[in-house]
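Residue numbers (full-length UniProt numbering), protein chains in the order written: chain A, 1 to 505; chain B, 1 to 505.
Treat the hints as calculated values from the structure; they're not laboratory data.
Be aware that a few hints might be false.
Claimed, not checked - Examples of chain A residues toward chain B, derived with CB under 8 Å: (1) 21; (2) 28; (3) 35; (4) 225; (5) 233; (6) 244.
Claimed, not checked - Far from chain A, by Cβ distances over 12 Å, these chain B residues were calculated: (7) 82; (8) 128; (9) 204; (10) 245; (11) 311; (12) 352; (13) 383; (14) 464; (15) 472; (16) 489; (17) 505.
Where a beta carbon is used, it is the ideal one built from N, C-alpha and C, also for glycine.
Number of protein chains: 2
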Amino acid sequence: MTTTYEQALHTFKEKIKQIKSYDEALGVLYWDLRTGAPRKGVNTRSEAIGVLSTEMFKLSTSKEMGELLSQLEDSAASEQLSDIDRRLVAETRKDYDRSVLIPPQLYQEYVVLTSQSESAWEEAKEKGDYEEFRPYLDKIINYTNQFIDLWGTKATRYDTLLDQYEPGMTVAELDRVFSGLRDKLVPLASAIAASPHQPNTSFLKQQYAKDAQKSFSLFVLEQMGFDFQAGRLDESVHPFATGLNPGDVRITTRYLQDDVTSALFGTIHEGGHALYEQNIGEDLIGTTLATGTSMGIHESQSRFWENVIGRSRPFWERYYGDLTSRFPGQLDHVPVDDFYRATNVVAPSLIRIEADELTYNLHIIIRYEIEKLIFNEGAKAADLPQIWNDKYREYLGIVPDSNANGVLQDVHWSGGAFGYFPSYSLGNMYAAQIADTLERELPSFWQLVGSGDLLPIKQWLTERVYKWGKARTPSEIIVGATGKPLDPSHLVTYLERKYKDIYKL
Amino acid sequence: MTTTYEQALHTFKEKIKQIKSYDEALGVLYWDLRTGAPRKGVNTRSEAIGVLSTEMFKLSTSKEMGELLSQLEDSAASEQLSDIDRRLVAETRKDYDRSVLIPPQLYQEYVVLTSQSESAWEEAKEKGDYEEFRPYLDKIINYTNQFIDLWGTKATRYDTLLDQYEPGMTVAELDRVFSGLRDKLVPLASAIAASPHQPNTSFLKQQYAKDAQKSFSLFVLEQMGFDFQAGRLDESVHPFATGLNPGDVRITTRYLQDDVTSALFGTIHEGGHALYEQNIGEDLIGTTLATGTSMGIHESQSRFWENVIGRSRPFWERYYGDLTSRFPGQLDHVPVDDFYRATNVVAPSLIRIEADELTYNLHIIIRYEIEKLIFNEGAKAADLPQIWNDKYREYLGIVPDSNANGVLQDVHWSGGAFGYFPSYSLGNMYAAQIADTLERELPSFWQLVGSGDLLPIKQWLTERVYKWGKARTPSEIIVGATGKPLDPSHLVTYLERKYKDIYKL
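Starting from the given sequences, assemble the full structure and let the hints guide the process.
Given below as structure tokens:
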């Protein structure tokens, strides 16, 4: 019996290592495609990606994997597993069930559909023609409903989708936290819009030399404790972070000549994701647990570093000189406080990815409510433009002039990623809750930021969040880090404190 | 019967596509490791490479592949195959047999040995201590002899090794061409050394700005017809070229601040390899025939572009102004002919990779003769330093001061790559023979070079060499391109004509 268990565990871990190797190889292939792979090789490359993805899927869903999981879940075997191995078995079981429950033929159809759909979406967005995209969206909703049926409905149908990106998250929980947020942020945004004390941002729009921007981005990453022996910074049209393994975490940014903050905050944001991936515990390396535990927790780290730290007054009191000295004569007449306020402008806008730290959450709540309507109330693709526009009017006081700036703006739905959007606001809420704990547990927190001593903060986050990787669930992480479950009041308090000061409310 | 054949062909081609996909993925992983992958991720990356390599090996040597090959080699089936498919079957059979003839256990031992041996070689070379490396080399020779036994001895034992890198090449043939070369080049090198007309090279050693060097390298690549939509130029410590697929061919170079020609000729050399890979016929894409037909033919293209074109007087008459204008004030006083002569200095030297176009061949002949002694005459690792030094004295008139600059200088033997060295000189001979044909078939050949009109030359090479990929054997290529088999007299004539002029002999 013992031998069988040990053999099963050994074989299981070999399989996991293989899966992880495919995952790493695919990660490099995608990174390469997005950072400068020659255009003419893309088709052949896509085929290679297809071959490797298929093989990885086969490894994850093989009959042998199913049998190994059953053996290791057997109560006698399970008792002998280490905590990490038990968690690895549980996570693998979850992926396994999710995959094998979908008939291969159905999944194949869906893959083809989403690939066509993403092209259709791109074209429709360019023309602002929702009707061109609508049939695809209807089909994707239809397939997703079939998947929910196969996977099984949790408390509500939409709960089944949420669980993909934020394990354990529910509609009941999100309704609670988002309603708390919405009720506070809508009036706060209105008060800000009405304030006579609007920051001056004119000086942000100058020609800023790319080399100097890059040098400052690299400097800030280094200050955050980004390990350049275990990662690199490149350029891409859409910035992203990818953790191939904790020793190789890559981020990208995009330099805009006429905007000094875009690449910088993009770098800090991706740098936050990178710190998480670089500091995952050594005991998890080579396993599928060596990654972030959820999209929401991952996003909490990018947003903590970008917004809580990077858009704070102490941060700029420390680093403004390092910025201005790189652009001689360009910012000399701008006091640090003006600069700080300019990086924190709040204004209702139509486009999510350009939104400020406050109204961003309203963009997310709108998408969350629409996704709930689709999967829990049967809303159809044809209904969405109207619903979209109504909600923008209600929450942000503005209405898109075109569907391109409205319901067509995001790529997510065209790829079937329903349930993903809430992660972004969960990230903001987790980040504020973590910052609240940090303020209490590291009494010198803001002094550390103000003196550029960021490594103790990174160290604290490593102990509470990073090192656990996927070996703890999102709720275990947030309780472990802050002592209590998700509480949206911290984000409200943080935003109120910050913006009442900036806008003199 | 027909159905079976068609099914077999379809399945076979699917397998080939899979193998090629793994090959491309591994190519990207290696390229990435050599162009800036973070140091701390290397171990995990190596494991991923191991997993993918193993899978690729399994695909190539599976029982199913053996059966498919037998089915397609059946005379009735074989007749129905297109020329390309028949060639694909033959090439796959060759790899298959070569692989399955070695027992997995033996191969596994050999892989471990060569990996240890490469480390041992590196250390031994650093210390100049041959004795540290000798036991490894003995073992590698021993394993290689076992492989020869398993693969079967061709005309001589060493023939079996040559065939790996230059299919169809024999000891008889190499003895013939190398003796012709050696007998002419040894006295020519002596005459050059004795000439009072040594080129002045002092101006090459200045500080040359890297950006300007890079700009010139990119400009020359563009002039050669390198397609930047199907390739890229990066930097690495050891320059290399890798053809992932004809739409994605990557080369690297290395910029030395104090040498304006090193990166340039490195770029042109790798650019020659790249032109080959970029212009392989579309009918071969996605198959394992979409690569160069042999190391020798590949090397002929890098050396044709680097030496025949890049180190020619017409080339510099056309491009010298483009070079000097990038380094204002640094070369203004140097006449183009002085520059041309400085890039063509001939001098006996100890290190192969630093050798000039002429004496390089003597370095290769020495290695060829030693490898023959090992495998056909039973020479042992212990004998090699003495043999090495004796041959350097005889052919180049100099003797290494240390084994580090002698028998330990090359990595090849530590990795078991016996039979590879001749490819380099084969490349020189093929290149000169092709140049001879070009001079006759494109009467304006040197005018084209002199006017910077290089694309007709690239086009000619595409038709005669590049587009065939591995669908023709090396001898088919050279006969197809020049109308006759390999003839070393062209290299002799080319070198004599060039150096008698430069050294006024």
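Honestly, which of those hints from before does the structure not fit? 3, 4, 5 and 10
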